[in-house]
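Given the sequences, and given the hints that come with them, work out the whole structure.
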Amino acid sequence: MKNNLGKERHAKNAVGILFVVCSIAIFDVAYSARNSPPLSFPLTGRASGQFPSNWIHGSKSAMDNTDPAIQVHAYNEHTYILRENKAINYEGAFMYLFFGNGVAMLIDQGSTSSPALFPLREVVDQIIRGWEEQHNQANTELIVANSHLHGDHYAAWNQFVDRPNTVMVGLTHEEMMAFWKIENYPQQIVTYDLGGRELVVTGTPGHQGSELAIYDGWTDLLYTGDMFYRGRLYLEDWDAWVSSIRKLRSIADRYPVAHLVNNHIEMTRQPGVDYPIGTTWQPNEPPMQMTLDMLDIAVGATNDIGSPGIYIYDDFLIYNQIPWYTTTDP
Amino acid sequence: MHNNLYLLLSNLDHVVIRTAGCRILIWALFACLFAPVTSSAHLLNMTELHLDSTHPTSATLKIKIDLGQSLMTAEEYWNASTSDVQEQSIIIKEIADEIKSGVRLTVDDRSVDFELHAWSLEASSLEAIKNPFSPQMAQLVFDLNSTMPSEGSVEIQIGEQLEVPWPALLRMDHASSPLPISRLLTESERTSRPITFGNYLETPEEELSAKAVLAIQTLVPGLKWIALGFQHIIPKGLDHIVFVLGLFFLSTGVKTLILQVSCFTLAHSLTLGMATFGLVSAPGAIVEPLIAASIICIALDNLYSESLARWRLMMVTLFGLLHGLGFASVLSGLDLPRENFLSSLLLFNIGVEIGQLTVLMMAFVAVGWMRSWSQYTERVARPATISIAGIGTYWLINRITFI
Ligand SMILES: [Zn+2]
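Heads up: the sequence lines are chains A and B, in that order.
Taking my numbering, the leading residue of the first sequence gets 1, the next gets one more, and so forth.
Taking my numbering, the leading residue of the second sequence gets 1, the next gets one more, and so forth.
By construction, these hints were calculated from the structure, which means they are not laboratory data.
None of the hints are false.
Cut-off 25 Å, straight-line C-alpha distance, at most; resulting in silico cross-link-like pairs (DMTMM-like, lysine to aspartate or glutamate):
{"hint": "1", "chain 1": "B", "residue 1": "LYS236", "chain 2": "A", "residue 2": "ASP28"}
{"hint": "2", "chain 1": "A", "residue 1": "LYS181", "chain 2": "B", "residue 2": "ASP173"}
{"hint": "3", "chain 1": "B", "residue 1": "LYS236", "chain 2": "B", "residue 2": "GLU353"}
Label-pair ranges, simulated between beta-carbon atoms:
{"hint": "4", "chain 1": "B", "residue 1": "SER177", "chain 2": "A", "residue 2": "ASN54", "range": "43 to 53 Å"}
{"hint": "5", "chain 1": "A", "residue 1": "GLU141", "chain 2": "B", "residue 2": "ASP108", "range": "24 to 34 Å"}
{"hint": "6", "chain 1": "B", "residue 1": "VAL365", "chain 2": "A", "residue 2": "VAL72", "range": "53 to 63 Å"}
{"hint": "7", "chain 1": "B", "residue 1": "ASP108", "chain 2": "A", "residue 2": "SER61", "range": "47 to 57 Å"}
Even glycine gets a Cβ: it sits at the ideal position worked out from N, Cα and C.
This is the structure we're talking about:
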């Protein structure tokens, strides 16, 4: 120790240290203001959202349709639901875009390949740009995923193959399972971290053998793809569907569910009455989202139905392993 | 919704049954819908291509296609499916030739031919073939005329002259790849573009650098662990860098510096080793603020000491133990291999030491050569030490309030 160290020296040191602390603090605050804090997706509580009162539902004449090719609806600030114009393809498929920190996941790519008719990539890019601006995010990675492997759910997949910063999950069962890290399909239930947003994912075959259901713990939405929606539930494997629908019920027991969401609307608002296949104008279509009561009716159906056939319920029709030539004529 | 089995008619029938009064209305609706629908309904019967080379010497190309809605009329397809084997083979061979001339398979820039090997025709009835909602698919299996290489690139193109129901899903299986590869060919994008498989690398430079990395790794297997250790100092170990600089700016000779760094290194290797064996552990909430405090201590001691006090060596050793604990949390995330745990731990430590020495060497290069300057202490060491104390203080406040 220096014996003759004056008070002045102490003061100079202290001021110097304080100056450095303040400088770093100012720099740090300025820097972190530039990089906004990460978005949080808490599992407790429920991030609410809105469905449109009516989806755009086609037109009398497909030729005269002036609606956008893709309807974009923000369910909430980090959840987008897209619908393909029914005048472009009667499937009127819904597609989902979930955002997490630094990442977006597009589930399904509609029923039309042509970018001229159905500019899905352009629309998705636009949504991502807008979202980045709004939430101070940059370089968002896009994951192109699918609910199941039917062509009307991935027709525009190819629009994304050369997109930079993009993960293509792939259009084979093996690629899908490798991506989600599902080793034991369909039983296994896995959680997937989408940039801090926890998704619970499990196999739900029955309609198609690679189908997945996705539960989003932040919004409490349970996405059921084509295995449960307001329409004709075409089931190629009845036993698999029974297990899947019961598993959805057990997931709903374990996690709070706000709505069940899916990919098509084929019913009318009249209970038990559907629009014929190929309909491109559905002025009287019910909402897309479904309730747990409807799921319970489906669970009940798994106990009632014992043989192939068409079974009519208020909110959906079950087409259980019906060969094309079967009719319900007496 | 998508199904291969169900016919519009069955659906309409049951609608009609339930709402018999509306029978006419529904048929009218159907009639006006049918025209625009038929074109887009082709999605149900999209084409599938499967290039299977899991056995490279007997690779096959399977094509699933709705022939009755594309290359043949529904009647022709129905006739073919109901005729005897010999007649059927003549018809299908003709179709196969059409497909062969339209589908181009390129392996490593040379065209590969394939021959029809087997086929099966699905045909429930003429109506089913005609109806776009009940696709009746034909499957044609072709054998490739040459062996698939263990690595290379493959491209499949569907020529403009061949109209298949779009889109066309391509699945490729290859012996070298645990997962299949999928592509989608569309009417406007009729090529898969080159798909590489095996260890095939596209450009020679890439090949060279990858080979260099591989060569070094096989020569010095421990290099990875040394590199990881080094990276935990530069650039990831800012705490460490600042602390070591704190030791450096105690304005005494090189000998005392080496003495301090050695004590510090030995101490933190000890706790690091013990922590990785699970013998000691401490929560980050305690260790992290203490590390910040140790930086302040060293800096303040620099400001008020002129020579290396004996107790300072003790202090540095103590701080070394502390920093080792801080490192342990990083190391536990490293997944050290179980089979040669000790050697990789040692190599990791060597990497850490090389990192520390690099910091000191850089400090020497930057300011160390000025040590004999009479103003060195006032103009260089003091401001640097005050900065180090400031950084430590900032970290301390930050870590106490945010951890
Ligand atoms: Zn489907």
